[in-house]
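Novice: Let chain L serve as the given structure and place chain D with the ligands on it in line with the hints.
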Amino acid sequence: MKILVCISNVPDTTSKINFTEDNSKFDTNGVQFVINPNDEFGLTRAMWFKEKQGATLHVATVGSAATEPTIRKALAIGADEAIRIDAEPTDGFFVARQLAEIIKNGGYDLVIAGRESIDYNGGMVPGIVAALLDMNFVNTCISLEVEGNNATAIREIDGGKEKIATSLPLIIGGQKGLVEESDLRIPNMRGIMMARQKQLNVVAPVDTNQATKDVSFEKPAAKGAVKLVDADNIDELVNLLHNEAKVI
Amino acid sequence: MSVLVYTETDNGKLKKNAFEVASYAFEVARQLSTDVTAIAFNAENASDLGNFGVSKVLNCTNKELSTFNAKAHATSIAQAAEKEGAKVIIVSSSTDARYLAGILSGILKAGYVPNVVAAPQGVSPFTVKRTAFSNKGFAHTEIASEIKIIGVSNNAFGSVENKVDAEIENFNLNVSDVDLGTKSVEIDRVVGKATIADADIVVSGGRGLKGPENWGMIEELADVLGAATACSKPVSDLGWRPHSEHVGQTGKPVASNLYIAIGISGAIQHLAGVSASKVKVVINTDPEAPFFKAADYGVVGDAFEVVPKLTEKLKEFKAQNA
Ligand SMILES: Cc1cc2nc3c(=O)[nH]c(=O)nc-3n(C[C@H](O)[C@H](O)[C@H](O)COP(=O)(O)OP(=O)(O)OC[C@H]3O[C@@H](n4cnc5c(N)ncnc54)[C@H](O)[C@@H]3O)c2cc1C
Ligand SMILES: Nc1ncnc2c1ncn2[C@@H]1O[C@H](COP(=O)(O)O)[C@@H](O)[C@H]1O
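Chains as they are written, first to last, in our numbering: chain L, 1 to 248; chain D, 1 to 322.
This is chain L alone, in the form it adopts within the complex (with noise of 0.2 Å):
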């Protein structure tokens, strides 16, 4: 089995966010870039596969060459081979068009990306991915099982689970649930010194328009001062929710 982890490049969660350029950017100064945590899960899932059923495990993303370092932490966890396209991300479909180009040529049997990235929370490139290449496709994955040619996924859906049996090739957005979180990997010494000899090929974008633009951001109103209610003036907050908040 050959899979493909698609992995995002975001601000750690902890971050600050800040807009530049007169609110026409987002401001990357002194933030912490990390592997997008649903692509995280996803790929120790993947690494799963490879220790397991012997699966060749590639990792891709489309960036600029400040996502390196992200890569490489990728390898350095266990992806055998890392593919950057270089281009910047500018919108869900353009991404969604550079990864379906990698999954056709690399003939991917599994694509593990993830159920959104945290930073411009699309949630969409890996349902594009499936419909440009007609691939089954399980969203907000929590569980995978692969044997033969055959797969057997649990969904999140709203209030519960669905468990969906399906085929490769297949893509999924993972997310968390989908392997333990005492089990997620983390680079150690040997890992990170193996990274260094693995290949990490750079790859030119394929032509593509891209669908939405982002013109301007804006950060949220400062929040007032909240409220205090006594505790033993319960009723307060009852009367507070009704006549002031009208919630309730």
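What the hints contain is simulated information worked out from the structure, not anything from laboratory work. C-beta: ideal position from N, C-alpha, C; glycine also. Among the hints, erroneous ones may be present.
Here's a subset of chain L near chain D, in silico, CB distances under 7 Å, partners left out [stated by the list, open to error]:
#1 THR13
#2 THR14
#3 ALA130
#4 THR140
#5 LYS161
#6 ILE164
#7 THR166
#8 LEU168
#9 SER216
#10 GLU218
#11 ASP235
#12 VAL247
Specialist: What follows is chain D with the ligands alone, placed relative to chain L:
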């Protein structure tokens, strides 16, 4: 040309968010001087959509389509869009809608913008406001493609009545398991209870509640309010509550009218996922808990005393206002 809206059903009945997305579609249609067509699957009360500005409903009554299948539903919506010459497609933010929207975007080569919080700011260029960076910012996004897909954030626009006569048309498609590629084997879902995705009120518990045995009072409070229950990440990691209840940046997003956080500190990753809720109440013993900075109302106190009291008071309130 028309604006097409995907209105979801649950067990044959239109879901509450169906009326919200229909209302949003009506506003887009007004800006484009056109009408709204809805597509629904096995909706028994399809004509109710007329109260929210829908002039025509394409109701798919295939029994193969009674269970949600993202590819089948996306393909049907694409066919409906083509038939109606729709250039704008509106969907909700439910898990199913997000699942099919990516596929639909790929099929139609249409730009898709999710998490939209307001009516379009203009239609040429077509610009919408959406949340980004997990609610830590907003983006104003232009959609350049010929066909545009908008995912409306839950509770952001609300349902707005606009009475029109809705014409109902049967719309049947040929679908077979073979080309769908995925098959639903088993659905394990809480029934008859509000879910985090569509509840007006969400009651959420954190590690401050000490253990799963203490969730009775959370459920009781949720019951009185008709609310969904949720939890912080460590609570689901510890197995106190199911993963499907975990909310936050790496869990389910919450955009309810009221979010009540009990024994939750308010870590940045938690807040990122719940801050789209309109009114936030926090109950915590520690007055320094970060959540107080993000909340509208707060009670500094022990959950084990405050929650039963709040439930009691709400019961009295409900009895008086019934
Ligand atoms: C990459 C990453 C992603 C993450 N994603 C998420 C996410 O999506 N969602 C999420 O929730 N977390 C997430 N986290 C974890 C987050 O950082 C916090 O650890 C977590 O939110 C803390 O949960 P908590 O508030 O329940 O527990 P704690 O931080 O332990 O807080 C418990 C609170 O309960 C209060 N308390 C104690 N006893 C009582 C009592 N008797 N009555 C009332 N209050 C009491 C305490 O004062 C305290 O404020 C993520 C972390 C990382 C690194
Ligand atoms: N620039 C990128 N490079 C590689 N994969 C990406 C990129 N952006 C998004 N993805 C993948 O698509 C998933 C969903 O991203 P998005 O649609 O941007 O929210 C991510 O979890 C990644 O697996």
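Novice: Against this structure, judge whether each hint is valid.
Specialist: Against the structure, the hints come out as follows:
Satisfaction of the interface hint for L/THR13 is found here, the shortest Cβ-Cβ separation to chain D being roughly 5 Å, below the 7 Å cut-off. A hinted interface residue such as L/THR14 counts as satisfied when its beta carbon comes closer than 7 Å to some beta carbon of chain D; here the least separation is about 5 Å, so the hint holds. For L/ALA130, the shortest C-beta to C-beta distance to chain D is roughly 6 Å, which falls under 7 Å, so the interface hint holds. Because the closest C-beta pair between L/THR140 and chain D is about 6 Å apart, less than 7 Å, the hint holds.
Checking L/LYS161 against chain D by beta carbon gives a least distance of about 5 Å; that is within 7 Å, so the hint holds. Given hint, L/ILE164 at the interface with chain D, holds; its Cβ is 5 Å from that chain's nearest Cβ, closer than 7 Å. Taking 7 Å as the C-beta contact cut-off toward chain D, the hint placing L/THR166 at the interface holds, the least distance being around 4 Å. The closest approach between the C-beta of L/LEU168 and any C-beta of chain D is roughly 10 Å, which is over the 7 Å cut-off, so the hint fails.
Against a cut-off of 7 Å between C-beta atoms, the interface hint on L/SER216 holds, since the closest Cβ of chain D lies about 5 Å away. Because the closest C-beta pair between L/GLU218 and chain D is about 5 Å apart, less than 7 Å, the hint holds. The restraint placing L/ASP235 at the interface with chain D holds, with a minimum CB-CB distance near 6 Å, inside the 7 Å limit. The criterion of a C-beta within 7 Å of any C-beta in chain D is met by L/VAL247, whose closest approach is roughly 4 Å, and the hint holds.
Against the hints set out earlier in the document, a violation occurs for number 8 only.
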